[in-house]
Each structure stands twice: as structure tokens, then as C-alpha cells.
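Visitor: Below are the chains, spelled out letter by letter.
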Amino acid sequence: MTHDHTIRMKVNGTPLEVRTRPDRTLLDLLREEIGLTGTKKGCEEGECGACTVIMDGRAVLACLTPALKADGAEITTIEGLEQDGELHPLQKAFLDEGAVQCGYCTPGMILSAKALLDVNPVPTADQIKESISGNLCRCTGYTKIVRAIQRAVEGNR
Amino acid sequence: MNWTTYHKASSVAEALSLLERSAGRGRVIAGGTDLVIQLHRRTLNAEVLVDITGIDDLRRIESHEGWILIGAAVTHTEVAASPLIRRHARVLSDGCARVGSLQIRNMATLMGNVINAQPAADGAVPLTALEAEIRVVSRGAERWIPMEEAYLGVGRSAVDATGELAAQIRFRIPDNDGRAGFFRVSRRKALALPVLNGAVLLRPDAALTRIEKARIALGPVAAKPFRARGTESYLESGPISPDAIHEAARIAAEEANPRTSRIRGGERYRREMIRLQMTRLLQDLLAFPQAPAGMGAPTPPGGASR
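Residue numbers (our numbering), protein chains in the order written: chain A, 197 to 353; chain B, 718 to 1023.
Next comes chain A alone, as it looks inside the complex (with noise of 0.2 Å):
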């Protein structure tokens, strides 16, 4: 027998409540029932990191996310990166180094990035490699996407 669940959340700062069954993962709620499709759905095992999420302050995979468990978190998506027409600098530096080839990859590592820039502002070469050790690219693109970061970080400065 299924219940539907109601599940109270902040996406990208706004507050939101979702019907949804109790077995779907918040990959596919925030796909399929809230409309968020930047999310990328990949391998769905927790391999690829296409569908990196920032759920309270860390990058999680929404894709071995159960939906109930975010009930009550705080989630940042790539469409909540942009503020009032503006790209995030981020998401900025990636256009301008020519990090994104298919793109499939750059939602996840975009956040990634940011989760790790959220509490490090000017990380280090291999902080910044390692935090986006678990997103993969098969465009082979990892050098750019690091400059890309790096590009990011200079206006931390």
C-alpha cells in the first residue's frame, strides 16, 4: 500500500511542500515533481556525481538520496546559482575557460566547486582537484573545469 508524503523544503531559498510517493529519491523529485531538470539523473549508483546537490552545506548524490530524507533541508540546485539574471561566477568562469563541452557533468561540478568554495573561499590546487574527485567527465575536460575554478577563486580574493 502506498501513502503519499508531504515533505516540507527550502530549494534554492524558497520554501516548498511536495506530494510525492515515500519510495522516490530527491534526484527524481527535484526532476519530475518540482521541475528542476539541471539536476542530471547518470549512473544512479553513486559513481558519476551528475546529480550533486548541496543539501545543509555538503555536496550529496541525489540520486541515493531518499526523498523523506530531506524532508526539513536546506537544498542548493544549479538553477539556484544565478541571482536576478546574473550568473554565478562560477558558472561565469566555466563559460569563459571552456570548461563545459557536452555539459552533462557541469551541474554537479559546478556545485561541488561551490560546496567546497561555501567554506573555503581561496582553496588550494588540490583542495579545489579534490573537490570534484567524485564527478567524473567524459569530455575529458577536468583540466579547464579546474582552471575554471581556479578563474572563480581569483575573485575571492
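If you're looking for bench data, these hints aren't it; they were derived computationally from the structure. Take these hints with a grain of salt, some might be off.
[What the hints assert, rightly or not] Each computed PhoX-like pair below joins lysine-lysine, with the alpha-carbon atoms no more than 25 Å apart:
#1 A:Lys340 with A:Lys237
#2 A:Lys325 with A:Lys340
#3 A:Lys288 with A:Lys325
#4 A:Lys237 with A:Lys325
#5 A:Lys325 with B:Lys906
#6 A:Lys340 with A:Lys288
#7 B:Lys725 with A:Lys206
#8 A:Lys237 with A:Lys288
#9 B:Lys906 with A:Lys237
#10 B:Lys906 with A:Lys340
#11 A:Lys237 with A:Lys206
[What the hints assert, rightly or not] Now the stretches of chain B that chain A is said to cover, found in silico as 3 or more residues with beta-carbon under 8 Å:
#12 720-726
#13 820-831
#14 906-916
No residue lacks a Cβ here, since even glycine has one placed at the ideal position from N, Cα and C.
Once you've looked at the hints, dock chain B against the given chain A.
Guide: Same frame as chain A, but now just chain B:
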């Protein structure tokens, strides 16, 4: 269709009563990074999930009368960053820092690493060398299980997560002068399963002539994290010397049982890597210079990668 009900328990008592009411159809969920996959693949079934990560009592890392206690809701990220663990059990924070990926470490708990019962677990291997125990509570009962008894087989925990709650991990603060280390061999530095891992704790005498106590755990070379007892007793039986280090590493490679695996490599290679990694780690911990080529393990051109 998977689970039909999801509860966030606010206390251990509430979690236990939810499990009891579910009568075998419930299951404890912590980080969920293994369990959600298992439920999706139908290798496990549960109608009711009882989430314990919001229970304040289980969120703490503390020291008490010579013990360190880690609650079941503490994540790998929290263990790896804990000043208390880094000071007293660096081997555990180093292991926890190598689990999965950053996102997995942010979600997954150290206790889950034990309960999922994989012999390669980077958190459970150091806990085995630390001779940790886990506190398992059920309605009206409570027991401490040594790490080595927490496993029934590969992927099979002695803890019944449909009715019991593994609440806490504890181990004695090692008095070993910081002589402990963790090694890991993997295809890549991140997001790669270990080909091998190991944790070593040594307590030498003050003059650094003998080893009073050695604790060594290796994975995945058996159905559970493997205590290399033959190597431990060899190290405790004679004086410290470069030859003794080589002999100890040889014994470790011999008593472990790494199998040929498509993802981890061949048995001979893996045995040789145990010998090499153990030699280096023991030399490091006992402040012996690395052996020259020919005496120890062959060093590849350009130096060894670790």
C-alpha cells in the same frame, strides 16, 4: 515499488519500537549510499525504512576514560575531519578519507561501512586494527560485538538491521606514540575500489629495539577485514631489524588470501603488493630507510607511486 514508509526516528527507543512494529519488514537506514542501491536492485527488501541520522545521541564523536566513541550517525567526512580522531587514531581518519568519493563520504556513516560488511571497507579495516567494538541495541537488550565477530560473510553483517540498531563504535585510544599507518592501492586516486588496503598499529619499546604490540588488518583478502595475526606475533617475537621488516611483510603476503579478481587484479600481483606496501609502511613507522633496490621490493622507474 520499494519502501512504502519512511520514518525519521528522533531517539534510539523510537527507532527500536518502529522496527519492532514492522516485524521484520523494516530496516535501519543511515547514509543510504549502499542501502538505496541494494533496495533499487532488489538485493534487499524493506517496506519500512527507519532513518537514524537525526538522532542526536548518535551524532557524537567523544572520548571517555581512555576510549573513543563514535555514534552511528557520524559520517566519514566527520570522522576524517575530527581533531580527536586525527590526534588519537590517524589511521582511522586516513581510511575514512579514502572511502568512495567526497559526496559519498558526506552521506555515508562509518557504522554503515561496518554493517554493509564488505571486506574492502576503508573505514572498517582500520577499525579492525584498532580492535574496535560495536554496541548493538535491541528491545531490552544491548551487547558489544568485537569487529571480527561483526561479520558473517561477504556483505553479511552479524547485526540484524531489521530489528537491531548498531548504535556506537568504540575503541581504546592507542598508546603507540603515533606509530600507525594506512595504505591503499587502487587504480585511480578517487572513486576507485581498493585493490588492497591495510592498517598497521605498532607499539615499540622506548629504545625502539622491540615491538611490544602489533595490530595489522588487511582488506580485501578474506571474507571480512583480515587480522594478520601471524605477522603480528612475528613482529612481537624478536628484535626490530631491516630483515625482520622484510620477513614480516613476507608473512603478511603469505597469510593473506587475495583472490584473482577482474576489478582488483591477479592473486600473485596482489600478494606482491601486500609485501611491498607492508615493507614500506613498516619501514616508515619504524623510521628505517627505504631498502635499496634488490633488497626490498623492486622500485619502478621514476619512483614508486602511493
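Visitor: Take the C-alpha atoms of Lys906 (chain B) and Lys237 (chain A), compute the straight-line distance between them, and say whether it is at most 25 Å.
Guide: Holds, because 24 Å separates the two Cα atoms, which is no more than 25 Å.
Visitor: Lys237 (chain A) and Lys206 (chain A): Cα distance at most 25 Å?
Guide: holds, 21 Å
Visitor: Straight-line Cα separation of Lys237 (chain A) and Lys288 (chain A) no greater than 25 Å?
Guide: holds, 23 Å
Visitor: Holds or violated: Lys288 (chain A) and Lys325 (chain A), Cα atoms, limit 25 Å.
Guide: Holds: Lys288 (chain A) and Lys325 (chain A) sit about 19 Å apart, inside 25 Å.
Visitor: Straight-line Cα separation of Lys906 (chain B) and Lys340 (chain A) no greater than 25 Å?
Guide: Holds, because 20 Å separates the two Cα atoms, which is no more than 25 Å.
Visitor: Check, residue by residue, whether the region 720-726 of chain B contains three or more positions whose beta-carbon lies closer than 8 Å to a beta-carbon of chain A, and give the verdict.
Guide: Coverage by chain A holds for the region 720-726 of chain B (5 residues, Cβ < 8 Å).
Visitor: CA of Lys325 (chain A) to CA of Lys906 (chain B), is that 25 Å or under?
Guide: holds, 11 Å
Visitor: Taking a Cβ-to-Cβ distance below 8 Å as contact, does the region 906-916 of chain B have at least three residues touching chain A?
Guide: Per the Cβ count (3), the hint holds.
Visitor: Measure nothing beyond the straight line between the CA atoms of Lys325 (chain A) and Lys340 (chain A); if it is 25 Å or shorter, mark the hint as holding.
Guide: holds, 12 Å
Visitor: Holds or violated: Lys340 (chain A) with Lys237 (chain A), Cα cutoff 25 Å?
Guide: holds, 23 Å
Visitor: Do the alpha carbons of Lys237 (chain A) and Lys325 (chain A) lie within 25 Å of each other, as the hint requires?
Guide: holds, 22 Å
Visitor: Holds or violated: are the alpha carbons of Lys340 (chain A) and Lys288 (chain A) at most 25 Å from each other?
Guide: holds, 13 Å
Going through the hint list in order, the structure satisfies each hint without exception.
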